[in-house]
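One-letter residues, chain by chain:
Number of protein chains: 2
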Amino acid sequence: MPRLRLALGQTNPVVGDLVGNSTQILAAAHRASAQGADLLAVGEMAISGYPIEDLASRPSFLAECHNAVYKLAKELQDAGLGDLAVIVGHPDGPFEPRLTGTSNAPTAIAQNCASVLQHGHVAARYAKHHLPNYSVFDEYRIFIPGDELLVLRIKGADVALIVCEDLWRDGGPVARVLEVDAGLLVVINASPFERDKNEVRLPLVTRRAIETNTTVAYVNIIGGQDDLVFDGDSVVVDGAGTILARAPQFVEHLLVVDVEVSAATEAKLPDSATRVTLADGPGQQPALATDLAILPEDREQVWNALVLGLRDYVHKNGFRSVILGLSGGIDSAVCAAIAADALGADRVWGVSMPSRYSSDHSRSDADELAENIGLHYSTEAIADLVLPIETQLELTGTAAENVQARIRGIILMGLSNLEGHLVLTTGNKTELSVGYSTIYGDSVGGFAPIKDVPKMLVWELARWRNDSATSRGEVPPIPANSIEKPPSAELRPDQTDQDSLPPYEILDAILEAYITKALGREDVINLGFDTDTVDFVTKLVDHSEWKRRQGAIGPKISGMAFGRDRRLPITYRPTR
Amino acid sequence: MPRLRLALGQTNPVVGDLVGNSTQILAAAHRASAQGADLLAVGEMAISGYPIEDLASRPSFLAECHNAVYKLAKELQDAGLGDLAVIVGHPDGPFEPRLTGTSNAPTAIAQNCASVLQHGHVAARYAKHHLPNYSVFDEYRIFIPGDELLVLRIKGADVALIVCEDLWRDGGPVARVLEVDAGLLVVINASPFERDKNEVRLPLVTRRAIETNTTVAYVNIIGGQDDLVFDGDSVVVDGAGTILARAPQFVEHLLVVDVEVSAATEAKLPDSATRVTLADGPGQQPALATDLAILPEDREQVWNALVLGLRDYVHKNGFRSVILGLSGGIDSAVCAAIAADALGADRVWGVSMPSRYSSDHSRSDADELAENIGLHYSTEAIADLVLPIETQLELTGTAAENVQARIRGIILMGLSNLEGHLVLTTGNKTELSVGYSTIYGDSVGGFAPIKDVPKMLVWELARWRNDSATSRGEVPPIPANSIEKPPSAELRPDQTDQDSLPPYEILDAILEAYITKALGREDVINLGFDTDTVDFVTKLVDHSEWKRRQGAIGPKISGMAFGRDRRLPITYRPTR
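Residue numbers (my numbering), protein chains in the order written: chain A, 57 to 632; chain B, 57 to 632.
Hints may contain errors.
Heads up, the list lumps identical chains together, so a pair's fine if it works in one copy or across two of them.
[Stated by the list, open to error] Derived SDA-like pairs (lysine to any residue); straight-line CA-CA distance at most 20 Å:
hint, residue 1, residue 2
1, K595, H86
2, K595, P115
3, K573, V597
4, K541, E561
5, K573, L596
6, K541, M512
7, K324, Q341
8, K595, D73
9, K573, F592
Don't read these hints as lab results, they were simulated from the structure.
Generate coordinates for the entire structure from the input sequences, incorporating the hints supplied.
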């Protein structure tokens with residue numbers, strides 16, 4: 057049986073940065089070659105970053121990507137890496153636009169491609185067949201599907217190549233791997249993290265490997281790109297379902313593994329399939345030890361996703377530091393801990409902004425947090441800034457309460473404008489769901505680290521993070537009191553969240569049913585919740601869509617995040 | 057030749073309000089029946105409103121829509137209107153979900169349907185074949201395409217029925233109208249207004265009528281729904297290309313017209329087509345005079361779109377009034393005039409918020425505007441509110457300038473919280489494009505009336521609105537000085553927009569090329585613009601995506617509005 061040394065490169069591309077992204081691939085190729093690899097595969101759209109959204113409809117952008125692929129082929133050759141076959145993902149085009157109707161708007165003129173580079177040339181190209189257009193994906197909007205299978209003959213083996221969603225569809229190109237008698241199936245991916253997704257992804261890869269009796273090599277990009285975090289977790293599974301190699305999550309990594317694959321046959325190819333023969337790579341190498349990473353538990357995965365999502369947003373957008381308000385509460389404490397893990401405490405600025413309603417513990421808990429983490433810490437009392445506004449406008453009730461939150465927003469934005477920090481907004485998913493926040497107040501900021509984290513999970517993460525510090529002999533970052541005390545916005549005396557909202561256990565469960573599962577009112581009630589509570593909560597959710605539309609982006613960790621995952625009208629008059 | 061009396065009902069649905077929307081259809085049916093119509097058609101999704109976005113993936117919502125159609129059929133019958141055949145648009149389902157891959161997210165389980173109601177029953181149903189998934193449309197995401205043609209036999213004539221995008225595609229179901237030998241083609245639509253779209257839409261209807269030698273009846277909904285404004289403009293064109301009837305734009309209307317159509321033949325139907333025979337309506341009626349509306353000029357159409365977009369956002373979301381800052385400048389003046397035209401001056405609150413940098417004319421121009429329009433007017437000086445913040449935070453430069461804008465935002469939000477007004481934000485498309493605004497400052501608000509109007513067009517609209525007042529012997533609303541003076545944000549002494557930006561004629565032309573036409577940097581330069589200016593402007597556009605994401609919605613009037621029309625990443629590092 058032919059033995060191939062396969063390298064899977066988890067790179068961290070930035071959308072649009074064709075030079076930087078190519079440089080990462082070149083570096084991976086150097087390392088792969090040094091380890092004697094025959095074939096290197098990097099992720100879907102590793103050249104352009106993913107998702108490129110409507111950049112796919114700009115002919116100039118497509119031309120740049122096209123040229124970047126040819127340039128990379130030449131650079132590989134010039135660097136003495138020409139023997140290595142390199143599979144890279146990128147958009148290509150422009151092609152004849154897909155027919156559309158009423159609008160003058162740009163439409164699909166691109167394909168989602170995998171190109172094979174060797175000896176300075178683009179030896180072969182495959183275009184993705186199945187274009188996901190659900191959840192956060194808009195690929196049918198921007199891409200034209202391919203319909204041609206590609207088989208690479210290398211070292212006496214036949215390697216089939218597909219892209220991401222192609223693997224998921226029964227009866228898609230994956231079904232034709234048997235037809236073309238391939239010995240190895242390479243799948244390049246840009247698959248964003250979701251809690252529990254690896255409970256679906258690995259079984260799928262395994263099932264496809266067994267179904268086709270073929271080794272499957274799955275490579276995914278990593279990194280934060282706006283509201284998505286790609287987790288890597290590249291894996292190689294053989295035709296018996298055994299995991300041969302697995303890369304760690306959320307880090308750049310080169311996974312190198314030897315695979316024994318069945319020899320190529322001279323079976324005639326079916327229609328709509330092309331076979332391209334590549335030059336052989338280096339001769340046989342001594343057998344290699346490889347990585348078999350083990351996934352950490354759920355809370356650690358989520359934490360890592362939030363950390364990487366924030367770090368990459370900061371770095372990829374040219375910031376050096378972040379600033380956030382520290383209220384002494386659990387949300388801002390968790391956000392500060394995430395920020396310190398992402399950037400180092402030295403790049404985190406925390407501001408305590410007490411009002412006349414702030415409790416003593418809100419100040420002392422914030423002090424303790426700042427001390428534990430070692431971040432930059434200052435205090436700006438707001439009473440003297442709020443009073444003139446309340447007085448001049450004669451504000452009372454909620455109108456007055458909101459001024460406190462909005463003055464805090466002005467302070468954070470003022471310091472950001474002065475010192476260049478990215479402002480973090482610390483609202484959690486539960487708050488966003490029911491609109492329990494002051495727009496242009498505590499919602500102020502460019503990035504929302506825990507936007508997709510429900511309140512109950514915020515507490516879990518805080519406990520997990522503290523335990524993990526303790527187990528390493530470090531100071532737990534989050535003050536115990538911030539975790540234990542009843543949550544409060546502290547906009548009036550003795551206020552608690554539960555004055556306005558149901559208990560968080562019940563609230564989060566209703567939101568899970570109404571938002572994540574998209575159940576209707578009746579179906580939520582049928583789960584056993586109180587009718588009035590369901591009506592109260594669902595009405596809040598519907599009425600706060602306008603606030604969510606104006607909210608900052610933040611990392612998606614669930615199967616249904618706010619943003620492009622859940623597209624609903626603001627103007628909506630449900631029949632109740 | 058059979059003669060049919062055809063009624064096209066331009067209704068104004070609210071998304072989700074199945075009862076209210078059905079009531080509008082029932083009212084149209086009463087009027088159509090009173091005028092002896094055989095057939096009434098209302099728009100695409102007239103039952104549910106359009107676009108329903110991901111509501112289409114909620115089984116409970118689909119069940120409600122399904123039931124609403126049957127309920128309407130019964131109500132028509134109970135009202136003695138059972139003889140009238142009524143064509144209504146609505147989503148239907150749930151059907152077997154379309155296959156998807158990686159996500160647990162809801163996917164397409166619905167179809168975009170036209171149902172034919174008669175005698176208390178749903179006599180026939182058609183499902184849209186072509187699902188637009190470009191521009192603002194996400195139909196491939198949420199709908200499963202239909203593949204069956206429907207022919208209605210009524211009064212000896214055969215009537216084919218299709219939905220919106222089906223008309224636009226060559227080789228789609230419209231091509232089969234000849235195949236099935238129909239005498240009339242009814243198209244129900246939810247087609248949003250864009251400048252110049254009727255220069256495409258009417259020629260298309262005419263071309264299809266001539267190609268198929270069939271009378272085409274095109275009916276569109278009206279009304280504002282979030283960022284879309286549906287303009288009606290329903291029209292009937294015969295097989296020779298003659299316009300037989302045309303409804304006015306932007307108003308609810310029942311267009312009734314007699315059409316002579318070729319008699320049904322006994323030709324065998326092709327595969328994938330169904331013929332349903334309906335009961336005949338009333339006997340022959342005396343011939344009828346009909347409407348032949350004439351479209352107003354471009355600026356009046358745009359003005360009407362902005363007025364209806366704002367009015368419907370206010371009413372459909374339960375507001376009674378609006379509030380906005382009046383700076384004396386052209387943008388706020390035009391927004392105030394739109395608001396007064398939409399709601400009446402009595403529902404418009406204007407606030408002048410002078411700072412220490414405000415010129416005398418900024419106050420006097422705002423005074424004159426308020427006087428001309430007759431809106432509620434008050435003044436809140438900001439100096440005493442800004443100073444404590446500047447002093448405490450030691451802010452200077454842009455950081456200090458932004459505080460002025462943000463205090464104004466707090467004032468408007470405070471008065472809104474107190475009095476219940478919707479806050480309007482008055483930024484124009486040019487400002488939004490280059491980020492020339494203070495986020496959480498002048499961007500504060502729930503609706504942005506001129507969000508899709510470039511600065512040059514703002515001036516044109518102001519002049520047109522004043523001229524139109526003059527021609528009716530009314531007071532022109534917008535002070536001449538607001539139109540003529542150089543635009544300024546007045547955040548520092550003697551500031552003008554052109555300190556920071558190229559002249560607006562040039563800026564708007566570059567933005568048209570880069571944004572609307574989606575040209576790349578090189579292609580924009582090749583149009584003859586200065587390289588440095590193009591680099592300066594395109595960089596500003598790319599860097600302000602994060603601000604636009606947090607901006608209020610506003611009515612789309614162009615082929616490329618911000619929002620779902622133009623989907624681009626925030627994190628984007630272009631190769632320059």
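Quick rundown of the hints versus the structure:
no.: 1; hint: K595 <-> H86; result: neither (57 Å within a copy, 34 Å between copies)
no.: 2; hint: K595 <-> P115; result: between (44 Å within a copy, 18 Å between copies)
no.: 3; hint: K573 <-> V597; result: within (14 Å within a copy, 37 Å between copies)
no.: 4; hint: K541 <-> E561; result: within (15 Å within a copy, 58 Å between copies)
no.: 5; hint: K573 <-> L596; result: within (17 Å within a copy, 40 Å between copies)
no.: 6; hint: K541 <-> M512; result: within (14 Å within a copy, 56 Å between copies)
no.: 7; hint: K324 <-> Q341; result: neither (32 Å within a copy, 71 Å between copies)
no.: 8; hint: K595 <-> D73; result: between (43 Å within a copy, 14 Å between copies)
no.: 9; hint: K573 <-> F592; result: within (18 Å within a copy, 45 Å between copies)
Hints 1, 7, counting from the list given before, are not met by this structure.
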